[in-house]
Amino acid sequence: MQTRTVLWIEGDGIGPEVWAGARPVLDAAVEKAYGGERKLEWKELLAGKKAFEATGEYLPQETMDALRGGDLAMKGPLETPVGGGYRSLNVTLRQVLDLYACIRPVRYFQGIQSPVKHPEKVDMVVFRENTEDVYAGIEWASGSDEAKRVISFLRDEMGAAVDASAGVGVKPITPGGSKRLVRKALQYAVERDRSSVTLSHKGNIMKFTEGAFRAWGYEVAADEFADKVMTEQEANEGGSKPIVIKDRIADALFQQVLMYPEQYDVIATTNLNGDYISDALAAQVGGLGLAPGVNMSDEIAFFEATHGTAPTIAGKDLANPGSLILSGAMLLEHIGWDEAAKLIHASVEKVLSGGRVTVDLAGQIEGAEQVGCKEFGQLIGENL
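Everything in the sequence shown is counted per this note's numbering, starting at -1 for the first residue and increasing by one.
None of these hints come from the bench; they were simulated from the model.
Any given hint could be a false lead.
[Claimed, not checked] Distance condition first, Cα-Cα at most 25 Å in a straight line; then the derived DSS-like pairs of lysine-lysine:
1. Lys226 / Lys239
2. Lys244 / Lys200
3. Lys47 / Lys182
4. Lys146 / Lys169
5. Lys372 / Lys37
6. Lys30 / Lys372
7. Lys177 / Lys119
8. Lys47 / Lys372
9. Lys41 / Lys372
10. Lys146 / Lys182
11. Lys177 / Lys205
12. Lys340 / Lys314
[Stated by the list, open to error] Simulated restraints, written as ranges between beta carbons of each label pair:
13. Asp96 / Gln231: 33 to 39 Å
14. Glu367 / Thr53: 28 to 34 Å
15. Lys239 / Val168: 34 to 40 Å
No residue lacks a Cβ here, since even glycine has one placed at the ideal position from N, Cα and C.
Produce the complete structure using the sequences and hints provided.
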């Protein structure tokens, strides 16, 4: 029997409910696809409130050591502790484990009544840089001694016009961080036979950060993927390579993915832009309840629900386990168990078309019957 160990964190808020709805589906898909010849072995790690109650720490050292030694992990949403020593548990995990690539595929499932006319044309994968940009968390509050010192340096030494009362943040974007993100996006496009990679940026205004991201992205394409990738200009001149690399200003791209989604395939972008565009795309095809994702380093792939802890509905059997289920399907694809992943995708589409869905989806499907988190997971499992 072939087994793969998956480290898993239950999460806070609705975490226990979506896990209870999702994990049986993943196990059942593997069993159905491979008849007992393959199996996922689950090893629980503690993080968040569950960890604090057991150990007095939100991110115990034992958990971090296990993650550093693993290659596959999944988690539910984690709540940032109020007054704790963490800006965000999720961001801390990304930075400590160097999970530099946030990858979020967005596709339409038959049955969802979308706010756009042709949601079936939406089939994109967003590669969002995860460790740099404003999410690096380098900032100082308005009026603080630190902000005053930084502003003084900017005004006196660098000649910048900065109001003395400003809060100040730093936006670091590096050649190494940008290139490895674009490299991973291009590798994905090659391996999955995707047709284009679009660099999204605000380089028209932020020339030495966002503009540099664009330039470094093109460098990677030219230096490392010249046999597979061509520019838009080369494509317009009759080039025949399988992948086109192009770039779009971030605000223009928001309009383009609404009007001409078929023109975009893989999107590689900086941290904040990626946060915006991935959620906006998810809204076109059903919302975050059906939005899977993974945060990856070169050592570990950390699959997770893309929504938050939703504390107002926790324990009420109202949550949607779809994001975690589809993240699990991504995990199966990642390890080459595509047959099991396809079973999950087909079952999700069948259940959505049947109209028995959780509350977040029921409002988007005319005549839908609302079911709970547990039953929705069971329906997907039964329809594999």
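Results for each hint:
{"no.": "1", "hint": "Lys226 / Lys239", "result": "holds, 5 Å"}
{"no.": "2", "hint": "Lys244 / Lys200", "result": "holds, 14 Å"}
{"no.": "3", "hint": "Lys47 / Lys182", "result": "violated, 33 Å"}
{"no.": "4", "hint": "Lys146 / Lys169", "result": "holds, 18 Å"}
{"no.": "5", "hint": "Lys372 / Lys37", "result": "holds, 23 Å"}
{"no.": "6", "hint": "Lys30 / Lys372", "result": "holds, 20 Å"}
{"no.": "7", "hint": "Lys177 / Lys119", "result": "violated, 29 Å"}
{"no.": "8", "hint": "Lys47 / Lys372", "result": "holds, 22 Å"}
{"no.": "9", "hint": "Lys41 / Lys372", "result": "holds, 22 Å"}
{"no.": "10", "hint": "Lys146 / Lys182", "result": "violated, 39 Å"}
{"no.": "11", "hint": "Lys177 / Lys205", "result": "holds, 17 Å"}
{"no.": "12", "hint": "Lys340 / Lys314", "result": "violated, 30 Å"}
{"no.": "13", "hint": "Asp96 / Gln231: 33 to 39 Å", "result": "holds, 35 Å"}
{"no.": "14", "hint": "Glu367 / Thr53: 28 to 34 Å", "result": "violated, 42 Å"}
{"no.": "15", "hint": "Lys239 / Val168: 34 to 40 Å", "result": "holds, 38 Å"}
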